Amino acid sequence: MTGLERKLFLLCGRQTKPKKEARFGAAHTLGRPVGTVEPTEDLCYQLAAAITASARIYMYPFISREDCYYTDTDSVVLGQPLPEEWISSSTLEEGDNVLKHKGAAKAFISKEWFESQYQDLSRTEQIQVSANFRIDYKSMNITRKNTMVRLGIKEGTKRKPVYDENIWVDTEPIEITDLGKGNAISHISQMVIKSLKRQILQLRDENTKILSKMAEKEGGTRLIKKKMGRELIIQIIGKIPHSLAPLPEEEVLEK
Numbered sequence: 001m002t003g004l005e006r007k008l009f010l011l012c013g014r015q016t017k018p019k020k021e022a023r024f025g026a027a028h029t030l031g032r033p034v035g036t037v038e039p040t041e042d043l044c045y046q047l048a049a050a051i052t053a054s055a056r057i058y059m060y061p062f063i064s065r066e067d068c069y070y071t072d073t074d075s076v077v078l079g080q081p082l083p084e085e086w087i088s089s090s091t092l093e094e095g096d097n098v099l100k101h102k103g104a105a106k107a108f109i110s111k112e113w114f115e116s117q118y119q120d121l122s123r124t125e126q127i128q129v130s131a132n133f134r135i136d137y138k139s140m141n142i143t144r145k146n147t148m149v150r151l152g153i154k155e156g157t158k159r160k161p162v163y164d165e166n167i168w169v170d171t172e173p174i175e176i177t178d179l180g181k182g183n184a185i186s187h188i189s190q191m192v193i194k195s196l197k198r199q200i201l202q203l204r205d206e207n208t209k210i211l212s213k214m215a216e217k218e219g220g221t222r223l224i225k226k227k228m229g230r231e232l233i234i235q236i237i238g239k240i241p242h243s244l245a246p247l248p249e250e251e252v253l254e255k
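Take the sequence shown: its position 51, counting from 1, is numbered 51 in the numbering used here, and each next residue is one higher.
Think of the hints as simulated: they come from the structure by calculation, not from any bench. Keep in mind that this is a model prediction, so the values were computed, not measured. Mixed in with the good hints, there may be bad ones.
Stated by the list, open to error - Distance windows between CB atoms, simulated:
1. Lys138 x Ser116: 40 to 46 Å
2. Lys138 x Arg159: 39 to 45 Å
3. Trp113 x Trp86: 31 to 37 Å
4. Ser64 x Glu206: 50 to 56 Å
5. Lys111 x Arg159: 54 to 60 Å
6. Arg56 x Gln119: 37 to 43 Å
Yeah, the Cβ is synthetic: ideal placement off N, Cα and C, and Gly gets one too.
Can you make the complete structure from the sequences, with help from the hints?
Below, the structure written as structure tokens:
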């Protein structure tokens, strides 16, 4: 245990069970009232957070390198080997195959399956997957459900693959569509026009409300006008100036 870890351990001390009023969350557990969750007593969240932060500080010189191709919480893939002083002499999980796959059908994944998929990335197959613990919250019944899942390899969407004679050799970043090229400017123009039309409709409604309040104060002839399913009652006082008169709907709305 290093000096920093010893200080952090002394700082954390022995974790005691929190009081009932300090418990959090909502869970339906047997023998416990709803809204009480008892966390594990032998955990030190402060120590875990400090160790994680310290590890990220040590990782930064490597994840910031130009030849860093991939990084995760506790791993990094580099284009060049690390110096010997950074490599541990111990061997972890020697000879073990690590297979990772996301999705409900990950139990059907094997080394042979990956080898066959890499020969044809577009290859897929239908696999029946059983979910043994599905909850119907309306009836509060627990059931088993069988579903068909399409099993395959989904190519990454963050970078485009580069092929050399049908062999995947590299990747390149995806180009972002320039907003000033091709149909993009036309699409943006249509969006701007629709936005302006909505603003005109909103201003016309406000103008109509103002005219209605003015007519209500001064008195005059009532005019009932139906507009978009609503009835607007406007009291006309003589002749309304042309600049204040509401625009005809056909001049604003698209046909």
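So, going through the hints one by one against the coordinates:
no.	hint	verdict
1	Lys138 x Ser116: 40 to 46 Å	holds, 42 Å
2	Lys138 x Arg159: 39 to 45 Å	holds, 43 Å
3	Trp113 x Trp86: 31 to 37 Å	holds, 34 Å
4	Ser64 x Glu206: 50 to 56 Å	holds, 54 Å
5	Lys111 x Arg159: 54 to 60 Å	violated, 25 Å
6	Arg56 x Gln119: 37 to 43 Å	holds, 38 Å
The structure is inconsistent with hint 5 alone, although it conforms to all the rest.
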